[in-house]
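Visitor: Chains as they are written, first to last, in numbering that gives the first Met the number 0: chain A, 0 to 496; chain B, 0 to 496; chain C, 0 to 169; chain D, 0 to 169.
Hints were generated in silico from the structure; no laboratory data involved.
Quick caveat: nothing in here was measured; it's all calculated off a predicted structure.
The C-beta atom is built at its ideal place from N, Cα and C for all residues, glycine as well.
Not one of these hints is a red herring.
Heads up, incomplete: computed chain A residues facing chain D, CB under 10 Å, no partners named: (1) V41; (2) K42; (3) S44; (4) H45; (5) Y48; (6) Y49.
Derived DEER-like restraints, expressed as beta-carbon distance ranges: (7) T32/C to D33/B: 25 to 31 Å; (8) D117/D to P75/C: 55 to 61 Å; (9) K2/B to V17/C: 29 to 35 Å; (10) D44/D to I104/C: 48 to 54 Å.
Calculated Cβ distances over 12 Å to all of chain A for the following chain C residues: (11) D117; (12) K149; (13) I153; (14) T155; (15) G156; (16) E169.
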Amino acid sequence: MIKKILIANRGEIALRIIKTCNVLNIKSVSIYSDEDVNSLHVKKSHESYYVGNAPPAQSYLNQKKIIEVALSSGADAIHPGYGFLSENSDFAELCEKNNLIFIGPSSNSLKLCGDKMKCKKIMKDADVPTVPGSFDLVKDVETALDNANSIGYPVLLKSVFGGGGRGIRLVNNDNELRNAFELAAKESITAFGKSALLVEKFLPKIRHIEFQLARDQQSNTVHIFERECSIQRRHQKLIELSPSPVVNQKVRDEIGQLAINAVKAVEYSNLGTAEFLRLDDGTFYFIEINARLQVEHPVTELVSGLDLVKLQIDIANGENIPFKQSDLKLNGCAIECRINAESTFLDFAPSTGLVNDVILPSGPGIRTDTYLYPQCTVSPFYDSLIAKLNSWGQSFDQARKRMVNALIDFHILGIDTSISLYKVILNSKEFINGDLSTDFLDRFNILNRLKDSMKNETASKQDVALTAAALHSLLYNSKISNDHKQNTNWDHRMYGL
Amino acid sequence: MIKKILIANRGEIALRIIKTCNVLNIKSVSIYSDEDVNSLHVKKSHESYYVGNAPPAQSYLNQKKIIEVALSSGADAIHPGYGFLSENSDFAELCEKNNLIFIGPSSNSLKLCGDKMKCKKIMKDADVPTVPGSFDLVKDVETALDNANSIGYPVLLKSVFGGGGRGIRLVNNDNELRNAFELAAKESITAFGKSALLVEKFLPKIRHIEFQLARDQQSNTVHIFERECSIQRRHQKLIELSPSPVVNQKVRDEIGQLAINAVKAVEYSNLGTAEFLRLDDGTFYFIEINARLQVEHPVTELVSGLDLVKLQIDIANGENIPFKQSDLKLNGCAIECRINAESTFLDFAPSTGLVNDVILPSGPGIRTDTYLYPQCTVSPFYDSLIAKLNSWGQSFDQARKRMVNALIDFHILGIDTSISLYKVILNSKEFINGDLSTDFLDRFNILNRLKDSMKNETASKQDVALTAAALHSLLYNSKISNDHKQNTNWDHRMYGL
Amino acid sequence: MIEYKIEDVDMISHVDIVKQISNNEYIINIDNTEKNINVINISVDSMEFMLDNMYHSVKYIKKSSSKIELVADGIPIMLTTNNKLNDIVYKNSGGSVTNAQINLISQIPGKVIAVKVDENDKVKKGDLVCVLESMKMQVSVKSHKDGIVKKINIKTGSAVAKNDIIAEIE
Amino acid sequence: MIEYKIEDVDMISHVDIVKQISNNEYIINIDNTEKNINVINISVDSMEFMLDNMYHSVKYIKKSSSKIELVADGIPIMLTTNNKLNDIVYKNSGGSVTNAQINLISQIPGKVIAVKVDENDKVKKGDLVCVLESMKMQVSVKSHKDGIVKKINIKTGSAVAKNDIIAEIE
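Using the sequences provided together with the hints, build the complete structure.
Guide: Shown next, in the form of structure tokens:
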């Protein structure tokens, strides 16, 4: 039985894990970099150890040091959170070698999930549909052309060394493909010593829908419903919800079973997520397994009633999942907004520094996971995610309205955040109608609407501003009247009297 | 359809009502006294009107002024919250006369619920069992003796003018009853001009269990499960939970039906609560109907998923309750702690004044309803309830542990609160075992345990205090060294160097 | 009357504080509509007030002679001013006051916190006569003409109503 | 070494700061057990530190010559002191230092922020010789005897190690 967990992470997720540890009477050990000496996860854990300088490579990615701290502190398990070392199979292996329980899948399973090509082939064998395209690296332009013609244009030419949208070319015909292939191969050889290209069907107006999965060491497997994460910006999720407006129980059962098949095929254990793309015609394609606790796990917690971190720990302890698929009932609707510290109109540049004041929203159906507190600082060294605002409602619309009001109540002074952007998205008729897609922001010109909305907000505050300005002239000056006695006659007199 | 609601209340319940108004796109109008000009309900509502001086009689009980404000602001309904005018049938009548919707039962129904003697007789006719005793005022000592002997000693001799435990005498035999009757009658005549006494069976070790009810104007009636509110201090509820550890589905169905019969008997409409006493042998006795939204309504919201304020407004709008009894499923367990501003060891005296700092607990399963914010003040003019901390869990134990950790995380600086007391109660084996009763605090010597627990806490912080004291001598003095240069040689030297 | 233009809003607005009702209450005129103001809190860089019974919180960021930057209910707003105040002051204290007028009249109610002249003192127009406190601000009352202080009707601590005669200057 | 008694706890404790490891790190000895201290933040009335890698936050409420009132992790604690510091200081600077000893020795490492005497100055025992900065605090180094400053080995800005000779006084 796990009695002490080292949390190899920081920020809100470290705090989230500490909360479950407290409920389970498990001691929590946190780690911190120079930058995080004043962070809440340091204060809220039972023990806390310094692991290195601010840059992640020297601290939160410093495998050797983290293992050292885990061993010397007497921890018997490591929870990696998300990001950092959470999907690093070497780290999982290092834990295994040191008899530390890595709260996540085995290193072998992690390796498999990380190798997207291999994973895609395994899915083919398991009859889990993937995005049409090549199953191997495309060695020459002729193979690429064959592939493209068999799946039909437009196609994407992708470098396996890319990621997050980089190294991807959209081509519409044989000619374009020939040109693009030559360029891409050259680039790849220059940069990585070899060409490693794929051809994949280009899919317009797609939704990102994922299934939360749990699999214990006895191979019992369940899905805990879907999350729709289509509201994104450059492949970064912004808003997630469950259920998806386009998933009914029939689809949930069907794709949920595919997701279960997918994790079985890679001999996965613990919690994970199977990500799918969904086309407008209702086709689902598997894309990958996220072999970790997801940022957006609270959405699933709110509609399932489960504590997913507890479930992770239980599974890591070798316990059976304590419920069957048929026991799970999707209850109401939950939405998450990832509050980022960023300046929307400075091309979403990170906004860092001192947070002068914070007031968290609360009340019926509202859950806020955050590491913010008044006078804390947001570091430029780490992720811009500063808070996860979740709302639950009996219906999508109740959850949505609760979220809108919680966004209004969420007061963060000192840095720019994505709160205003989310207000516009959540109030848009397209979001209300569930017309979501990964290009939602562009398709509906959301940034322009945000600009308009801000203009309207300014206009609505016109009388307030005018009043404040007039009172300022009247009352504020009086505050400094002692320094300015030599003014004109009746210098501080009121206008109308 | 209600479009604008005046909230005739203050504090957390005013804020709670505003939140639902916002979700329903209903404008909220708040009122405030001198004392509350800086209160959050003033800031968070759409409009806010001053209604009088700090004493409630001049402001929050100022019926004429409140009606005036409602009419002039264009409100079409008044939500009374709890306390203040919420169960005042005159006020409900005044609303009715002014064509303002009183969000609660009709003035007639309120009048009936307020007349405990009449109510008791109605319940007798409706076959709702009440505490054995006289159904009429006991005019003379002989009648009292008859009553006492027919229900059996010990009995309570109660003055109907009492309340909250005052004017109650416990008597064990005929002799004691004769003496007590004489004294009580004299007292009553001196104070109120007439004697108005009741004889009632004395019930030891009772639980307080109540059923949440909803009844629409079309007479559809449902109960929304029970709440156990046995943890009390001098008839003031401290901790509430749902479900009760001693209510299974069979009992819930049975007593729930009694509760439904009770509200039907007084032609109740809107939300209300039927309060019962439960004896150790499983007998339930109806005591009264609370004709308002209860302080502890969040407990029911958490296990039912409903928004009870919304349900109140829907019913006030003449709508049907949008679900049937059989649609309601009790989901998990919820606990509420009423955080009071009081000094436990100064006989629970109110603790008022400036709140230097507040950090609210949050996270999975935690809901905090409060009017506190950093630098706010707690007024001596009003209720000592400053926050309601609610936890939800799949099981009682998960809810309990989440509550314990949330109590630890709840940081209130500047005033004394009941948080420490609740930590002791929630960690006690008797609470864990569900061995609850209205005399829980006395029966288990909770105050002594709190003293012990505080001693243990002090002892556990011994090393911290010693370290702090030593560092203080070492480092703090150095901060003022500039002012104290004339000290002895090496005045600021370190000890061991 | 002050003229303001709000950046991003294509309109010039005219604002006038019409009168003070009580210590914290004012009537303000914005583009010919009267509104009630109730000031709740005021500090050097922020103000909270009710505008027609709606609560607002404003932080003052920067002020120059022609620009005011503030944050109204969390929304940053920039105002450009066309301040006609000086004209009005000039008109009232210069234009309409003739040299023959003896009485120095208080144009506001307030409490006397300092008397700066004695009877029979020689004063010049613009010399400080007394300081009043009104609406939590100090107001310097200056002589309306050159002359000799014949009579002082106030003393430190006394209350002054609007139109009370503060002093007689001949 | 300081002796403390915590109110409500029937035990007298002995605390000793054993050594400073780095700018914010110390080793402390509490009743014969050594513990690591890492000071995170310090202000006039509060301190945050790690004690054997556990975070603690302490607010100082009141201090008199024999009592310290503080709030440790939210828990109010009263300590009574039996401060033996003065004895030690007396022993070191009075008792054990003979008048014949010439060298004024630094008992701490630090940086010189001011030199208050010149060579050949006459000094009395207790006169200020220099000010060192160490661990964010200023330490006044005073003459250990009456005499004349024969040699000064330091200057403003220079570093001084423990046991370095600051000056020679004859």
